[in-house]
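Protein chains: 2
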Amino acid sequence: MSEILVVGSVAYDSVVTPAGSREEALGGSATFFAVSASFFTPVSVVAVVGEDFRGEHLEMLAGRGVDISGLKRQEGKTFRWSGVYGTEDANARRTLDTQLNVFADFAPELSPAQRRARYLFLANIDPDLQFDVLHQIEDRPRLVALDTMNFWIQGKNSSLRRVVTETDILFIDEGELRDLASEVNLVKGARQVMAMGPKAVVVKQGDHGVLLFHGESTFRAPAFPLENVTDPTGAGDSFAGGFLGYLAATGDLTPGGFRRAAVLGSVMGSFAVESFSLDRMGALTLADVEARFRSLSDLSSFSPLGDGENLPWRDSPRKPYTT
Amino acid sequence: MSEILVVGSVAYDSVVTPAGSREEALGGSATFFAVSASFFTPVSVVAVVGEDFRGEHLEMLAGRGVDISGLKRQEGKTFRWSGVYGTEDANARRTLDTQLNVFADFAPELSPAQRRARYLFLANIDPDLQFDVLHQIEDRPRLVALDTMNFWIQGKNSSLRRVVTETDILFIDEGELRDLASEVNLVKGARQVMAMGPKAVVVKQGDHGVLLFHGESTFRAPAFPLENVTDPTGAGDSFAGGFLGYLAATGDLTPGGFRRAAVLGSVMGSFAVESFSLDRMGALTLADVEARFRSLSDLSSFSPLGDGENLPWRDSPRKPYTT
Numbered sequence: 001m002s003e004i005l006v007v008g009s010v011a012y013d014s015v016v017t018p019a020g021s022r023e024e025a026l027g028g029s030a031t032f033f034a035v036s037a038s039f040f041t042p043v044s045v046v047a048v049v050g051e052d053f054r055g056e057h058l059e060m061l062a063g064r065g066v067d068i069s070g071l072k073r074q075e076g077k078t079f080r081w082s083g084v085y086g087t088e089d090a091n092a093r094r095t096l097d098t099q100l101n102v103f104a105d106f107a108p109e110l111s112p113a114q115r116r117a118r119y120l121f122l123a124n125i126d127p128d129l130q131f132d133v134l135h136q137i138e139d140r141p142r143l144v145a146l147d148t149m150n151f152w153i154q155g156k157n158s159s160l161r162r163v164v165t166e167t168d169i170l171f172i173d174e175g176e177l178r179d180l181a182s183e184v185n186l187v188k189g190a191r192q193v194m195a196m197g198p199k200a201v202v203v204k205q206g207d208h209g210v211l212l213f214h215g216e217s218t219f220r221a222p223a224f225p226l227e228n229v230t231d232p233t234g235a236g237d238s239f240a241g242g243f244l245g246y247l248a249a250t251g252d253l254t255p256g257g258f259r260r261a262a263v264l265g266s267v268m269g270s271f272a273v274e275s276f277s278l279d280r281m282g283a284l285t286l287a288d289v290e291a292r293f294r295s296l297s298d299l300s301s302f303s304p305l306g307d308g309e310n311l312p313w314r315d316s317p318r319k320p321y322t323t
Numbered sequence: 001m002s003e004i005l006v007v008g009s010v011a012y013d014s015v016v017t018p019a020g021s022r023e024e025a026l027g028g029s030a031t032f033f034a035v036s037a038s039f040f041t042p043v044s045v046v047a048v049v050g051e052d053f054r055g056e057h058l059e060m061l062a063g064r065g066v067d068i069s070g071l072k073r074q075e076g077k078t079f080r081w082s083g084v085y086g087t088e089d090a091n092a093r094r095t096l097d098t099q100l101n102v103f104a105d106f107a108p109e110l111s112p113a114q115r116r117a118r119y120l121f122l123a124n125i126d127p128d129l130q131f132d133v134l135h136q137i138e139d140r141p142r143l144v145a146l147d148t149m150n151f152w153i154q155g156k157n158s159s160l161r162r163v164v165t166e167t168d169i170l171f172i173d174e175g176e177l178r179d180l181a182s183e184v185n186l187v188k189g190a191r192q193v194m195a196m197g198p199k200a201v202v203v204k205q206g207d208h209g210v211l212l213f214h215g216e217s218t219f220r221a222p223a224f225p226l227e228n229v230t231d232p233t234g235a236g237d238s239f240a241g242g243f244l245g246y247l248a249a250t251g252d253l254t255p256g257g258f259r260r261a262a263v264l265g266s267v268m269g270s271f272a273v274e275s276f277s278l279d280r281m282g283a284l285t286l287a288d289v290e291a292r293f294r295s296l297s298d299l300s301s302f303s304p305l306g307d308g309e310n311l312p313w314r315d316s317p318r319k320p321y322t323t
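Protein chains in written order, with the numbering used here: chain A, 1 to 323; chain B, 1 to 323.
Note that these hints are calculated values from the structure, not bench results.
Hints are supplied without guarantee of correctness; some may be wrong.
The following label-pair restraints were derived from C-beta to C-beta distances [claimed, not checked]:
#	chain 1	residue 1	chain 2	residue 2	range
1	B	D97	A	P18	47 to 53 Å
2	A	E227	B	D97	21 to 27 Å
3	A	V84	B	K156	33 to 39 Å
4	A	D97	B	K188	20 to 26 Å
5	B	E227	A	V84	32 to 38 Å
For each residue, glycine too, the CB sits at the ideal point set by N, CA and C.
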């Protein structure tokens, strides 16, 4: 049995970015997540593809040790998405075309083994499907994590709220959090969402990093400052793959474990955007990932105040100012 | 002699923010900078005000121990600015009105004591004035720091480049850096600017924190996640005040010193935006500042990989993926 079960999309993406373009590249939320998490723990994918899905892509997933027994091949074409990214804000992408194809009738059905999953990632799909999958699991999984998007926040709000109630970790963009919570302030918004059920909210802020709210603990995980961003597609799912991969591999659900998980998520997300599709992430070595983890540690470290140590205060007396 | 000399504006601001509004509140780049830095080191202000400048505001600055002998009182009215802030992006402010008044003819002239300043902050004013002030200093100061804005990047580009060449630390918003360097990527843009002269570039990313490029070192200083943002005016200058105040007070210009300076800048910027004008910052105690510095340490800390420690790699062999 795999440690993590992911339910989501497998797609062919055609993207135009400031760095170039790529036609019909392997993508999809389940794909990026599974390849990212597969470095750390066994992953099982539940998704649907069409008759046109290429054998080399099945082999790639299997070659990464991903369990693809739940990847259903169905009459019709694989889900296709195409879009254009702007130069400054990777989140400001414009969709040119979406062809759901076989994904339109996606009705995930878990195998007996999959029903015993301990870690579940409900990637960004219809919240009714997310709810249905969650309730196919026999026992309560150790962790249920969920990703969503504005389309569901606006279009299926009550369905989304129903499944969020049973979620442990919510991954969400800052703009989406503001929408979901009807609250501009991210701290207040995260607290509101946590009051609905989740133990943790991971607020994604693109190339500025993430804010992790976990119980009473707040953590800011830095993004790695990249010199070359090729294609932002899949960054969020790769982040989630590193995050949950670390938690499942270590079983460490303490605040310290969650913090490291967020940093590893940031590491995997940074690799994802350095190439089109999975070119960079699929070719990573252990040394690459650990080196970037160490870089991120260095990038965000500074000398804290020791016990009893003071900041260099000026000696002269100062009057407090009141208006 | 004061440790830091700041040349900039002293103003009355009228602002509307999502949290409320305030008319004719004390503001200006030199004001926020001086009050922030005054916690750590003596500061001397060079600026101009009109006949309407209120005695209570002179007393406030003097009461904070700020040397206001260079605050020239001139016939006419004090500089006035009014603007409106949007709900999500504090940098997306809209100026309603600017009345330069006495600031229109601002021609700073340093006193003999000021000409011996060791730390110089050239706040956001005309780059020709910044250049002129810099060349009034007798010896090369230990540190010259400069802030600017799009107005000068677009309108006085060659003047700005001339003074940036002689600057040690440039404070700049990420959008402004992209403009100045004609480069979308912040890492590349910062390197280009450093090739012009500055040893350090501090890229301000609003409520997401700052990226500090300092020699070969890159550091991401977290912003403090605030529950209540009242008025973003003055955040950048308060950041610079904490940053340079720390460096001048300690004399520590090592990479470690710069990192702590950036965190203290973030601390002071976070206080500045919690109230209109200087209400919050002026009333701070030592305990407030140190407590927030410790909070920021906690907020960004995670357990790094120890020497020889590995991430939890999956045992099974995996095939690298190539397209």
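Cross-check of the supplied hints:
In this structure the supplied range 47 to 53 Å is violated for D97 of chain B paired with P18 of chain A, their Cβ-Cβ distance being about 37 Å. In this structure, E227 of chain A and D97 of chain B break the distance hint of 21 to 27 Å, their C-beta atoms being roughly 41 Å apart. Checked against the given bound of 33 to 39 Å, the beta carbons of V84 of chain A and K156 of chain B, roughly 35 Å apart, stay inside it. Under the hint 20 to 26 Å, the C-beta atoms of D97 of chain A and K188 of chain B, about 32 Å apart, miss the expected range.
Taking the beta carbon of each, E227 of chain B and V84 of chain A are about 37 Å apart, inside 32 to 38 Å as hinted.
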